[in-house]
Amino acid sequence: MTGAVRERPPALAPGAVGSRVIVWMIGLLFAIPLVSMAEFTLRDGDGGHSLVHWFALFDPANRASYSPIWIGLGNSLVLCIGAAAIVLLLVLPTMVLIALRFPRLRRPFEFLCLLPISIPAIVLVVGLAPVYLVIGRTIGTGIWPLSLAYGITVLPYAYRAIQANIDAVDIATLAEAARSLGAGWGTVLLRVLAPNLRTGILASLLIAVAVVLGEFTIASLLNRPNLQTALFVVNKQDPYVAVILSLLALGFAFALLLVIDRTASIGVRRGTRPPTSAEKVTP
Amino acid sequence: MNAHTGSTVEFSDVSKSYGKQRVLHGFDLTVGPGELVSLLGPSGCGKTTALRVLAGLEDATSGAVLVNGADVSRQPTNKRDIGMVFQSYSLFPHLSAVRNVMFGLAMRRMRAREAESRALAMLELVGLGAHAERYPHQLSGGQQQRVALARALVTEPRVLLLDEPLSALDAKVREQLREEIRRIQLRLGITTVFVTHDQEEALAISDRVAVMNAGGIEQIGSPEQLYTRPATPFVARFVGQSNRVRGVARGGMVDLYGHQVPLLEHADAAGTVEVLVRPEDIELSSAGIPAVVLASSFLGSMRRTSVRLGDGTVLVVQHSVGQNPQPGESLGIGWSGRAVARSSTTETAYMRQ
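Each protein sequence line maps, in turn, to chains A and B.
Sequential numbering of the first sequence, starting at 1, is according to the working numbering.
Sequential numbering of the second sequence, starting at 1001, is according to the working numbering.
One thing to keep in mind: the hints can contain errors.
What follows is a set of in silico ranges between Cβ atoms, one per label pair, in the way DEER data are often shown [what the hints assert, rightly or not]:
1. A:Phe252 to B:Gln1176: 58 to 64 Å
2. B:Gln1021 to A:Leu89: 35 to 41 Å
3. B:Glu1133 to A:Ile139: 24 to 30 Å
4. A:Ile117 to B:Ala1204: 54 to 60 Å
5. B:Lys1172 to A:Leu29: 37 to 43 Å
6. B:Gln1021 to A:Arg101: 56 to 62 Å
7. B:Leu1264 to A:Ala168: 21 to 27 Å
8. A:Phe102 to B:Gln1021: 15 to 21 Å
9. A:Ala168 to B:Asp1170: 34 to 40 Å
10. B:Gln1176 to A:Ser118: 53 to 59 Å
11. B:Pro1042 to A:Ser118: 31 to 37 Å
No lab work stands behind these hints, which were simulated from the structure alone.
Note that the Cβ used here is the ideal one computed from N, Cα and C, for glycine as well.
Bound conformation, chain A alone:
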């Protein structure tokens, strides 16, 4: 988003050279594994470099062996949508309701939401396994019920992102003002609160998507194929292709996050952007 321009950097901020050095060092740190992976995919059998493994990916003869990837990718996208729906339709309204009507429940709810972060995925699965046994029998063994579990793993991140935004906006007064002007609760939520909580909602969605695309443990132990488990399977057959696909998956996730961010910022250009704190004029 368009950041506010500071007149002067705070006293402890590094200078122009300092900040550049920091950016380069961190960039380098992130680049090392990526460059190494790219280099690995370019190796051919004889110690030279070529695009042979990349071409193999698109060879129709190999389609059967790579098909788990496409299935996994499709499943992961379904799970992303499911987790995002849980955040948008369940977590967000609950948090708004707590902020407006039941402020006393805030602490307990926060505790509940942050709980999953302190429980390792492997422990979570122990509890989820019997639940999913029942789900498998009643609803079916399709992929989408897994998004319920992912909704839980995403909860702490989504909560923090949205709560930070709720704390920054006086949503109680905004809601009361809208109500006094004749707005029903649906209108309050969609037309008044959602635009002002956009930053938080967006951040929570980005995190939800990122977490779900990278999830392996739960899917693997519950025998549901997703992108990460598929990569793992393919890796056993052909490590080159697995690394290529990992790179592509990374690029895909990056592109997806970019698309979400762009889509959401269309409103900015229309001028519906809430003010950043630095831009507010003092009364």
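Got chain A sorted already, so can you dock chain B onto it with the hints?
Just chain B now, with coordinates in the frame of chain A:
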């Protein structure tokens, strides 16, 4: 432009409790058509709760709220047809000033073009016609409250509710805006309930003021009545400044340190009484009742001096800046002769509550 002018508002025996804490009890108040009534009181006296009950933002524990004679207690806020301005800035940050004002009209399904022209006219009325396209964060606090006022008025609500709309503003803007609120209110003839803890504000713009204390109304009356005839010591203390002086009453007069002063409600008062004397009803003079100056402060158009009498009573005197008494100086004071109110007659009534 006002189909709804002349609404009456009535609180009938309204009570509100949070658990064991009673915030409002036996609250009765009738606001006539086009009248501006202020609820004045210290924080925690229940004035904001009363307003929120009227707005439907809180449910009363018992009692009823009537608008134009119809009980609205069961109606949700968005169906009550009210306009409200809040203490904290409540403009929608993501909408420009004109879109903020249009919000209520959009809720009433008015066509965008008509809504916009009405919103612009209302912004013009509050003096912000040139700022219609600005966003709230580009407006000063005073301007934001003006937009909020326009937003509350544009739907032509039955009642206008003002919940300390000026308390976040600085003194000069506050004074200017309150005059303007009164001007617009009179022009539109809209029934208005104004909540404030600032007695000057309440006295300046109200038709009637209800002084509240501990969840009930202490006294209700015109600003002049409250000031000159406070019904209880609480009102006397809260509205304006006053000195409490002991004297002996007889035949409609009270003897204060050897000087006769008329009593407001003479009737059968006799014996020792306590009366309330306003600082401006005491004069400094070379003769008169001997007193020693404790402190004196310059207030621009006047000066306020506290003096101690021979028996230790401390009085506050308001006088012209021409006189400049120094601390420690001995001088005399006299009564202006204007009638004073008794405080002890109502003391018992006050204590009973």
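Worksheet item: Is the distance from the Cβ of Gln1021 (chain B) to the Cβ of Arg101 (chain A) consistent with 56 to 62 Å?
Response: 19 Å, violated
- Taking the CB of Ala168 (chain A) and the CB of Asp1170 (chain B), does the distance hold inside 34 to 40 Å? Violated, at about 24 Å.
Using the C-beta atoms of Pro1042 (chain B) and Ser118 (chain A), is the stated range 31 to 37 Å upheld?
-> 47 Å, violated
Is 58 to 64 Å right for how far apart the beta carbons of Phe252 (chain A) and Gln1176 (chain B) are?
59 Å, holds
Original post:
For the pair Gln1021 (chain B) and Leu89 (chain A), does the Cβ-Cβ distance stay inside 35 to 41 Å?
Top reply: 37 Å, holds
Satisfaction of the hinted span 21 to 27 Å by the C-beta atoms belonging to Leu1264 (chain B) and Ala168 (chain A) | 55 Å Cβ-Cβ, so the 21 to 27 Å window is violated.
message = I want to verify a distance hint. Is the separation of the beta carbons of Phe102 (chain A) and Gln1021 (chain B) within 15 to 21 Å?
response = 18 Å, holds
- Taking 37 to 43 Å as the hint, is the beta-carbon distance of Lys1172 (chain B) and Leu29 (chain A) inside that range? Taking Cβ atoms as reference, Lys1172 (chain B) and Leu29 (chain A) lie about 56 Å apart, which means the hint is violated.
Worksheet item: Gln1176 (chain B) and Ser118 (chain A), beta-carbon distance inside 53 to 59 Å?
Response: With a Cβ separation near 55 Å, Gln1176 (chain B) and Ser118 (chain A) satisfy 53 to 59 Å, so the hint holds.
Glu1133 (chain B) versus Ile139 (chain A) beta-carbon gap, inside 24 to 30 Å or not: With Cβ atoms ~52 Å apart, the hint is violated.
Do Ile117 (chain A) and Ala1204 (chain B) keep their Cβ atoms within the hinted range of 54 to 60 Å?
56 Å, holds
Of the numbered hints given earlier, the model fails hints 3, 5, 6, 7, 9, 11; all others are met.
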